[in-house]
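K.L.:
Given next are the chains, with one letter for each unit.
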Amino acid sequence: MSEAEAADARRIATEARDRVRFEEEALELADQVYRVARRLVGTREEAEELVQETYARAFRSWRSYTHGTNMRAWLLRILTNLNVDRGRRIQRSPDVQPLEEGDYYLANKVAAAEGEQALEQERVVERLSQHGVVDALSGIPHDFRDVVVLVDIGDFSYADAAQILDIPIGTVMSRLHRGRRLLKQKLAEETLA
Amino acid sequence: MSFDVGCEKCEELLQGYLDRDLAPTEVAVAEGHLNSCDYCRRRYRFEETLRRYIRTTASERIPPGLMQKLAELREQSPYAT
Chain U
10 MSEAEAADAR RIATEARDRV RFEEEALELA DQVYRVARRL VGTREEAEEL VQETYARAFR
70 SWRSYTHGTN MRAWLLRILT NLNVDRGRRI QRSPDVQPLE EGDYYLANKV AAAEGEQALE
130 QERVVERLSQ HGVVDALSGI PHDFRDVVVL VDIGDFSYAD AAQILDIPIG TVMSRLHRGR
190 RLLKQKLAEE TLA
Chain D
3 MSFDVGCEKC EELLQGYLDR DLAPTEVAVA EGHLNSCDYC RRRYRFEETL RRYIRTTASE
63 RIPPGLMQKL AELREQSPYA T
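Chains as they are written, first to last, in the numbering used here: chain U, 10 to 202; chain D, 3 to 83.
This is chain D alone, in the form it adopts within the complex (with noise of 0.2 Å):
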């Protein structure tokens, strides 16, 4: 059974459909819609690629003094032998 619920209703599950944070009937109507339109379908992949790429643009991997320095506070601490 599937009820097609618009484009605009797929907007507003979309994030949490991404977050994997929907209830099962949720889910349910968000795949429905997904597969019967392009229009969304489209925004869905365009969304998916924009938070993969967003993750991977916007990390910078720990400069490689510092691990040095984080190491060397280990030793300082108050309780170290």
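Extracted from the complex, chain U is given alone in its bound form (with noise of 0.2 Å):
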């Protein structure tokens, strides 16, 4: 063999390491992505033909991805991307609607029709339904959901969020603290009514 061959044995063996190391740190952080795609779209079998999509492309594209940088924010990016070009922002327009209602909202409701007692965390566990807080976030407009999503569900900082979504910073937080409130307004109509 070569100098030139051996090299180049070298090289294809250490690219075979490195995807190999790539796929499996991916694939480790599938349920972690599954959780978040799940809350994205409307079913089951939509989130796992997401997640599908997303690591088939990831596994294509995986040289594209420089190790040591946060890969589940790089999945979710790719994830979302593909969430969009799937046609679901049909809902373009979020509603601009103000919303009157402060964040204390859910917690007044419930205090006024309990009283202050069911603010404790038993209490509140008890009230709200696990179908109830599903429902509420289905609820949401695209925009803002997709920000609570990332960031209460997916656990992610306002940065990495902003990186997914291609959105700056002071959007991520304007969103998610609109996004919140929404849902709180929502739960409160659902687990209130």
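These are calculated hints, taken from the structure and not from any lab test. Being a predicted model, the structure only gives us computed values, none of them experimental. Hints are not guaranteed to be accurate.
[Said to hold, decoys possible] Chain U is faced by these chain D residues, among others (derived, beta-carbon under 8 Å):
#1 Lys-11
#2 Glu-28
#3 Val-31
#4 Thr-51
#5 Tyr-55
#6 Arg-57
#7 Thr-59
#8 Ala-60
#9 Ser-61
#10 Ile-64
#11 Pro-65
#12 Leu-68
#13 Met-69
#14 Lys-71
#15 Leu-72
#16 Ala-73
[Stated by the list, open to error] Within a straight-line C-alpha distance of at most 27 Å, the following computed BS3-like cross-link-like pairs (lysine-lysine) qualify:
#17 Lys-195(U) / Lys-11(D)
#18 Lys-118(U) / Lys-195(U)
#19 Lys-11(D) / Lys-118(U)
Note that CB positions come from ideal geometry on N, CA and C, so glycine has one too.
Please assemble the complex out of the two chains, which come individually in their own frames, going by the hints.
P.N.:
So, in structure tokens, the structure goes:
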């Protein structure tokens, strides 16, 4: 084997090792990626498809991932782009009606209905149902929901969410703020109706 | 030194406080008020509980079959050895 051939063989071996390492790391994150995907779309089937498309693309373009950076954010960026490509953004204009209710809205509603003691942890958990939370989340317009899901369910920082969605950090914060208020309004409607 | 800013200001700061996204001076303002106000402290705990609850109830584990499908995609990768 010539020196050039040996160098080539070494390069191929290194690349194969890097690719395997990438794939393994990506697969370890699949559960976390799915949890976010599941709340970004309406059904489990859609979430499964979206995650599969994401991994197919990630495995094809693994070279564009920089080792040592946040792979979970990198995968979610692919996923949210694919989700937009799937044409889910029919609802393009986020509602701009002013929200008069403050951040204490849900707490105040609960307290008004059942007294201040109802704000204690066990009572809150008893009152809210899993179904109610999922429904309330899915009722929030996409642009707000994306941010709420990434930050409050995916546990991404504002900066990561900004990078994933390709929007300024200030927009992440304002959408998060509004999205959470919308969520609370919906929870109030559903749980206190 | 503490200067109580009132419930309205506390409400405004609370989400950022829970996100650990406030400047140190704002943290001091929020905590100063929370330490002295039952009304806001209850709402702070409520928000904390609500967030935890949302995170756990809205999280669905990956379906068992999907993990397998993803691992198979890896073998179809054009660079697979």
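K.L.:
Min Cβ distance, Ala-60(D) to chain U: is it shorter than 8 Å?
P.N.:
Holds, because the Cβ-Cβ distance from Ala-60(D) to chain U comes to roughly 6 Å (cut-off 8 Å).
K.L.:
Can we keep the Tyr-55(D) interface hint, with Cβ of chain U closer than 8 Å?
P.N.:
With Cβ-Cβ at 6 Å, under 8 Å, it holds.
K.L.:
Measuring from the C-beta of Glu-28(D) to each C-beta in chain U, is the shortest one below 8 Å?
P.N.:
Since the shortest Cβ distance to chain U is 14 Å, the answer is violated.
K.L.:
Does Lys-11(D) meet its interface restraint, that is, does its C-beta lie within less than 8 Å of any C-beta in chain U?
P.N.:
Check failed: Cβ of Lys-11(D) comes no nearer than 12 Å to chain U, outside 8 Å.
K.L.:
Within 27 Å, alpha carbon to alpha carbon, are Lys-11(D) and Lys-118(U)?
P.N.:
19 Å, holds
K.L.:
Identify whether the interface hint at Thr-59(D) stands, where standing means a beta carbon of chain U within less than 8 Å of its own.
P.N.:
4 Å, holds
K.L.:
Restraint: Thr-51(D) near chain U, CB-CB cut 8 Å. Satisfied or not?
P.N.:
Hint holds; Thr-51(D) Cβ to chain U Cβ min 5 Å, cut 8 Å.
K.L.:
Less than 8 Å between beta-carbons is the criterion; does Arg-57(D) satisfy it with respect to chain U?
P.N.:
Cβ of Arg-57(D) sits 6 Å from chain U, so the hint holds.
K.L.:
Under the criterion of a CB-CB separation shorter than 8 Å, is Met-69(D) in contact with chain U as hinted?
P.N.:
6 Å, holds
K.L.:
Quick check on the hint: Leu-72(D) CB to chain U CB, less than 8 Å?
P.N.:
5 Å, holds
K.L.:
For the hint on Ser-61(D), does the least C-beta distance to chain U fall short of 8 Å?
P.N.:
Constraint on Ser-61(D) satisfied, holds at 5 Å.
K.L.:
Holds or violated: Lys-71(D) as interface residue toward chain U, Cβ cutoff 8 Å?
P.N.:
6 Å, holds
In the structure shown, a violation is registered for the earlier hints numbered 1, 2, 3, in ascending order.
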